[in-house]
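There are 2 protein chains.
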Amino acid sequence: MQAWLIHDGSASAPLSGENTALAAQDLSEQVLIDLIGDWLGPRPTLVLISGKTKAQVRPVPAVPNELHPVRFSVADARVRAYGLPGLAQSSPPDLMHSDATRIAGFLSLNQGWDGVICQPGVYTSWAQISAGEIVSFQTFLSGEMARLLAPTLSLPDITTQTDWATPAYSRALEDALARPERLATALNALRIGAPVQNVSKHDTQARLWGALVGAELAAARPYWLGQQLAVIGPADISNPYCEALKHQGVPVTVADADRMTLAGLALARRLIT
Amino acid sequence: MQAWLIHDGSASAPLSGENTALAAQDLSEQVLIDLIGDWLGPRPTLVLISGKTKAQVRPVPAVPNELHPVRFSVADARVRAYGLPGLAQSSPPDLMHSDATRIAGFLSLNQGWDGVICQPGVYTSWAQISAGEIVSFQTFLSGEMARLLAPTLSLPDITTQTDWATPAYSRALEDALARPERLATALNALRIGAPVQNVSKHDTQARLWGALVGAELAAARPYWLGQQLAVIGPADISNPYCEALKHQGVPVTVADADRMTLAGLALARRLIT
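Residue numbers (this note's numbering), protein chains in the order written: chain A, 1 to 273; chain B, 1 to 273.
I should point out that these hints are in silico values taken from the structure, not numbers from a laboratory.
Be a bit skeptical, because a hint or two may be false.
Since the list can't tell identical chains apart, any single copy or any two copies may satisfy a pair.
[To be verified] Derived pair list, reagent style DSSO-like, types lysine-lysine, alpha-carbon separation capped at 30 Å:
1) LYS54 / LYS201
2) LYS52 / LYS201
3) LYS201 / LYS246
4) LYS52 / LYS246
5) LYS54 / LYS246
Please construct the entire structure, taking both the sequences and the accompanying hints into account.
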């Protein structure tokens, strides 16, 4: 959980609090006040909350300019809280929360941009943008799978890799793109191969991500083939995606996640009447 | 870990001990003695150990009759211990240990049998048998993935399902067989769909296994298409595999795992000179 103090349009450095979901169904007001208490004055401070909140999700297609924040009741009179709505899709069933805020931010900074926005993370989303609308999106559990499989493969649970332009990564990626159905046996080959063939942890991690991102690209092909791509996300998980897309000859614009969140919050601020 | 007392060719009911891998590299002799101590008399008792031991693995193709057990040194003079060798494959890199014992047991009971032996479990192996030889095999991490993903999907970590002939299972299976590359997004649809569409835990579990077994069948197609199949394994994990193979019109023989292990141990006993 992060918080920014925004004054006259400029944001402070983010404050980081404990990683509690500020889901407003069970919003722990205390967690919020503990984090931002020092910023509160006698007059009510506007607090915008992006993420999984009780603000109702809106169906896609959706226009970011029409995603009006929803007022929450909060006991502390120093706080005037609003939740930013997320997006829901019925088929395939899918939801996005803070990803929707960053898309809105990206589009407010890039008016008229058409293409696909990929947000790598524990859950990686791919959203198709056309004529200012978020048309459809699809989320993959690849990052979660990497995290869950790390102990099975004797790897640290978070990737420490910075360079993905390696033969181990590109070979695993190509194998997975060509035979994406082989994921569960490719993972077994990693489990067996690492000790038997003395594969380094570095290469095992590269092959794990190559297998997962390759399978994801095979399934998400309509989202990137012949498309203009923007990648928004933390660098550690975005890098293997950017390298994979580059490998496929797809031009990629990289946008900073915090900057897109702030732009999305600024847009939401303008929508509050 | 299980142990049987075998006397005049008949086995006792199995004793179950703590689930310590009896890997003989770091064989805890004490664990072994604690488990079977009551069975030991003044004269040395022959102890056969199947599983991951220091007995060297043998390359495939391999003939079960030629997998001679390897003598281990054990300090306790009441024990004369042998490890049963496992099997190794270099490409794709793969290993099997107790699965090899059960295959040897199955073949000793079914002389001249040709086909494919599938052993569902945490790691599911598929082994091709031809002219009395174990020709090649391939292992999948699907069971491990189901276990790891259970908390993400708010499921118990072991499947409690007994009936797999359900629409939820067969639909997920067919979807995965048709589009196996979509595994990471099918799993996300389960994560999202369960709360949004009020999918029961029972159906979520059926869909999880449908997605995993379907993707596995898509990758293992050469191992079952037009083949004679035997499935050996614990019922809880074998059932979705049997249902899936039946669904594909593949005739399946089901063999009891303990019985095959005992037959494999009996064969190994005959190989000790």
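Exercise for review: Up to 30 Å between alpha-carbons, please classify LYS54 paired with LYS201: within, between, both or neither.
Suggested key: between (42 Å within a copy, 24 Å between copies)
**Study point:** Alpha-carbon proximity between LYS201 and LYS246, which holds within one copy, between copies, both or neither at 30 Å
**Key:** within (24 Å within a copy, 40 Å between copies)
Point to revise | Intra- versus inter-copy proximity for LYS246 and LYS54 (alpha-carbon distance at most 30 Å) | key: Neither, since 38 Å and 45 Å both go past 30 Å.
Check your understanding: Should LYS52 paired with LYS201 be assigned to within, between, both, or neither, using CA atoms and 30 Å as the limit?
Key -> between (35 Å within a copy, 23 Å between copies)
Point to revise | Same-copy or cross-copy closeness of LYS52 to LYS246 [CA-CA at most 30 Å] | key: neither (32 Å within a copy, 42 Å between copies)
Consistency note: the structure conflicts with the earlier hints numbered 4, 5.
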